[in-house]
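Student: Given next are the chains, with one letter for each unit.
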Amino acid sequence: MKYWRKPLDIDRVKIPKGELHILWERCKGCGYCVEFCPKDVLELSLEFNSKGYHPPIVKNGTTCVHCQLCEVLCPEFAIYCVLKNEKEQAHES
Amino acid sequence: MKAEPSEKIQTKAKAQVVLENNQLHPLSEWLRMERIPHIWCSTCGIGTAVTCFIEAIKKSQIPREDIVVVSGIGCSGRIAGYIKLDSFHTTHGRAVPFAVGLKLAKPKLKVVVFSGDGDLISIGGNHFIHTARRNLDITVLCINNFIYAMTGGQLAPTTPLTAVATTAPYGSYENPFNLPLLAASCGANYVARWTVLHVRQLTNAINEALNKKGFSFIEIICPCTTHYARKNKLGTGLDLMKFYHDNSEIAHGADVRDVDIQFQSKIKVGKFIDIEKPSYLDQYNQYLQQKLGKNFKPYGVTNEKEH
Amino acid sequence: MKADPVGVLTGMHYLDGDKACAEGGIAAGCRFFAGYPITPSTEVAERVAERFPLVGGMFIQMEDELASITAVLGAAWAGVKSMTVTSGPGFSLMMENIGLGAMLETPCVVVNVQRGGPSTGLPTLPGQADMMQAKWGSHGDYEIIALSPNSPQECFDLTITAFNFSEKYRVPVLFMMDECVGHMTEKVIIPEADKIEITPRRFTSKKPGQYLPYEPNKDLVPDMVEAGNGYFFHITGLTHDERGYPDMSWQTQEKCVHRLVDKIRKNSDDIYLYEEENFEKAEIVVISYGITSRVALRGIQLAQADGIKNIGHLRLITVWPFPEKVIRKLASKIKVFVVPEMNYGQMVLEVERCAGGQCKTLLVPHGGGTVHKPECIYEAIKEAIK
Chain A
176 MKYWRKPLDI DRVKIPKGEL HILWERCKGC GYCVEFCPKD VLELSLEFNS KGYHPPIVKN
236 GTTCVHCQLC EVLCPEFAIY CVLKNEKEQA HES
Chain B
5 MKAEPSEKIQ TKAKAQVVLE NNQLHPLSEW LRMERIPHIW CSTCGIGTAV TCFIEAIKKS
65 QIPREDIVVV SGIGCSGRIA GYIKLDSFHT THGRAVPFAV GLKLAKPKLK VVVFSGDGDL
125 ISIGGNHFIH TARRNLDITV LCINNFIYAM TGGQLAPTTP LTAVATTAPY GSYENPFNLP
185 LLAASCGANY VARWTVLHVR QLTNAINEAL NKKGFSFIEI ICPCTTHYAR KNKLGTGLDL
245 MKFYHDNSEI AHGADVRDVD IQFQSKIKVG KFIDIEKPSY LDQYNQYLQQ KLGKNFKPYG
305 VTNEKEH
Chain C
3 MKADPVGVLT GMHYLDGDKA CAEGGIAAGC RFFAGYPITP STEVAERVAE RFPLVGGMFI
63 QMEDELASIT AVLGAAWAGV KSMTVTSGPG FSLMMENIGL GAMLETPCVV VNVQRGGPST
123 GLPTLPGQAD MMQAKWGSHG DYEIIALSPN SPQECFDLTI TAFNFSEKYR VPVLFMMDEC
183 VGHMTEKVII PEADKIEITP RRFTSKKPGQ YLPYEPNKDL VPDMVEAGNG YFFHITGLTH
243 DERGYPDMSW QTQEKCVHRL VDKIRKNSDD IYLYEEENFE KAEIVVISYG ITSRVALRGI
303 QLAQADGIKN IGHLRLITVW PFPEKVIRKL ASKIKVFVVP EMNYGQMVLE VERCAGGQCK
363 TLLVPHGGGT VHKPECIYEA IKEAIK
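Quick mapping for you: the protein sequence lines, in order, are chains A, B and C.
By the count of the working numbering, the first sequence reaches residue 268 at its end, each step adding exactly one.
By the count of the working numbering, the second sequence reaches residue 311 at its end, each step adding exactly one.
By the count of the working numbering, the third sequence reaches residue 388 at its end, each step adding exactly one.
Note that these hints are calculated values from the structure, not bench results.
Beta carbons are placed, not taken as given, at the ideal position from N, Cα and C, and that holds for glycine.
There may be inaccurate statements among the hints.
Dumping the calculated BS3-like pairs for lysine-lysine here, alpha-carbon to alpha-carbon at most 27 Å [as the list claims (entries may be wrong)]:
#1 A:K226 - B:K88
#2 A:K259 - B:K62
#3 A:K226 - B:K235
#4 C:K4 - B:K301
#5 C:K208 - C:K197
#6 C:K4 - B:K88
#7 B:K216 - B:K301
#8 A:K214 - B:K63
#9 A:K226 - B:K216
#10 B:K272 - B:K63
#11 B:K63 - A:K259
#12 C:K170 - C:K257
#13 A:K192 - B:K62
#14 B:K298 - A:K189
#15 C:K197 - B:K301
#16 A:K234 - B:K246
Cβ pair distances, simulated, as ranges [stated by the list, open to error]:
#17 B:R137 - A:K181: 56 to 64 Å
#18 A:P213 - B:Q268: 22 to 30 Å
#19 B:T170 - A:P213: 32 to 40 Å
#20 C:V263 - B:R39: 55 to 63 Å
#21 C:D221 - B:P302: 37 to 45 Å
#22 A:V257 - C:M250: 32 to 40 Å
#23 B:N251 - A:E222: 27 to 35 Å
#24 A:T237 - B:N179: 23 to 31 Å
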């Protein structure tokens, strides 16, 4: 992230990272999560699930900040986000 | 959308998609999982409203066994069937009096009526206005999709002028209700409107409404793909959500007379009314105590407090 | 179990049928009442409004009859005995939700103080023309229990019986009074609380997670539950399975609705209440109910004074389920049933059906507005012996 000056608490505040879990068969391909994710993490896959819908897939997992907007917005209870613990985050970066 | 080869999806580390069909969704313990997936269409917003409701219950810290959900008939009427609380799926328009019976018989219950615009305001209109007038301590969440969706897309009392429905094939020429105005004029203690896009604000509003004494009413604007959007050539529910994104104005405290919705007009959302008036049971107990003195046996205010 | 002394006004009173019915409800443990004023039933609501604040009950005058019956169902599911009261036009309005009460298997009592009909009819005058509506009023297949009192004392006693039946069979019970009995003032003796038998609600002893709202016991009646106790149950008016979840298939319809109907039909021996007189030697039996039964007794007296012997009298107290066995048995022995009723032929159709052609049936109709003249019934008996 670009700052015009470095925030004083940048060493203390950690930006959370989330791991997305998508319930592939439950999704009805509405596209809410894709459209409204503030970090542009998701996109609709070209694959179908058995109902004929295109569930989302993660296109850029490193930018997910565990805001959980997709989790609350999903009408099908088909996506949720799990907070990555510090070890996993360290492994990522 | 770029083409994604299927092998990428299978690689957990890279794509971070876990393909699972088990019940680990965090809301699993709040839903009747044996009935999921639910019957609502793809891009219908009712599921989102249910998620916001459950998040609000969790936040409100009201004991789970005290919360009761009552629904009527319609797409929104099916909500009671999916939530794992004491829930009742009653007849068309009669969710509110059923809730009144539940609340008055056992005042410690927190009774929530979760139903649709046609059910609550058309056939249930009489019950709605009287219960608001009495300021009974129940919370009414009205899913407003501007149409009678379950039965195939007929005209609703909230359908905007010129919108098309199956019983108004040339467009509606009837003036619709302004629901916040209706609730406020009947004397509700709390009146708010949010769309299903405003998930955080809606969750907070439901939480406030649950903890508010007296009659609280939240109008939840919700997209209906199969009927309202399709018949009026508005795209899918996703297009309606984008419309809410671009056209809703947060107007806390706005005058309820100015918050009516025209066809594809700006939608004013926010908390419009938040007043403190004594609820029905408060007035009942206070007044009769005064009149009857020690002969009066107060109802329901023994060791069980009203929520 | 015995009645709660708080609600029982023990003693000798001079009450009209409406007030006696209200007292009966309170004695039976009713603590929720939602109603809408309609002549001639308003006195019940007024009495309840006066008494409930003193006995810890909740009275609310709802905005219409539809709200009243629905609130009564809601209160029943919150664990409280509840009742409502109405007359003909309100009874018609309540029909959808009486059907809901039957489908959800909700214990409650609906009192209909019948008046002249149809439509607005004769608000202040008696009638008995809602009898078939009590059974068939709501759509679909279902069974309810209906009782018919003929005096204020019976209004008190049978209201308690009505509540007991509703708890025992988890069904709405319709209490079919008429304006005459409702507005007639007579001596009513209210016994002490420990002499009044009350059937308590049969709450489940199973734990949450094991309890199913529609799992029947041997008597085909499921155990009841109360909202707010952590059972997290779901009930619906749609055709449902034992869990209470909607399941719209013909197999579930057969299972769910057939049991609703059998619940009453198979237990009907326990529910039949009637008074019989002079059955052994009877050749003519007069069948009557409600206020007409009192006039019928006078009619029989006149006929006996005229030398007509062998007249029996069957007074129906339980009107629905109809006491078929009694009628069938009698029909094989006697010559004629004489059925006076304050309508143009309702219960007589059931009598004819059950008689099955074994004997004749003679209706003594009356449009309502006043009771029969005893002479009419006497004439009918004379006609019958020809």
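Student: Hint by hint, note whether the structure agrees.
Tutor: Taking the hints in turn, this is what the structure says about them:
no.	hint	result
1	A:K226 - B:K88	26 Å, holds
2	A:K259 - B:K62	23 Å, holds
3	A:K226 - B:K235	24 Å, holds
4	C:K4 - B:K301	21 Å, holds
5	C:K208 - C:K197	31 Å, violated
6	C:K4 - B:K88	37 Å, violated
7	B:K216 - B:K301	26 Å, holds
8	A:K214 - B:K63	26 Å, holds
9	A:K226 - B:K216	42 Å, violated
10	B:K272 - B:K63	26 Å, holds
11	B:K63 - A:K259	23 Å, holds
12	C:K170 - C:K257	21 Å, holds
13	A:K192 - B:K62	23 Å, holds
14	B:K298 - A:K189	62 Å, violated
15	C:K197 - B:K301	24 Å, holds
16	A:K234 - B:K246	22 Å, holds
17	B:R137 - A:K181: 56 to 64 Å	59 Å, holds
18	A:P213 - B:Q268: 22 to 30 Å	26 Å, holds
19	B:T170 - A:P213: 32 to 40 Å	38 Å, holds
20	C:V263 - B:R39: 55 to 63 Å	27 Å, violated
21	C:D221 - B:P302: 37 to 45 Å	38 Å, holds
22	A:V257 - C:M250: 32 to 40 Å	37 Å, holds
23	B:N251 - A:E222: 27 to 35 Å	34 Å, holds
24	A:T237 - B:N179: 23 to 31 Å	52 Å, violated
Hint compliance for this structure: hints 5, 6, 9, 14, 20 and 24 are not met, and every other hint is.
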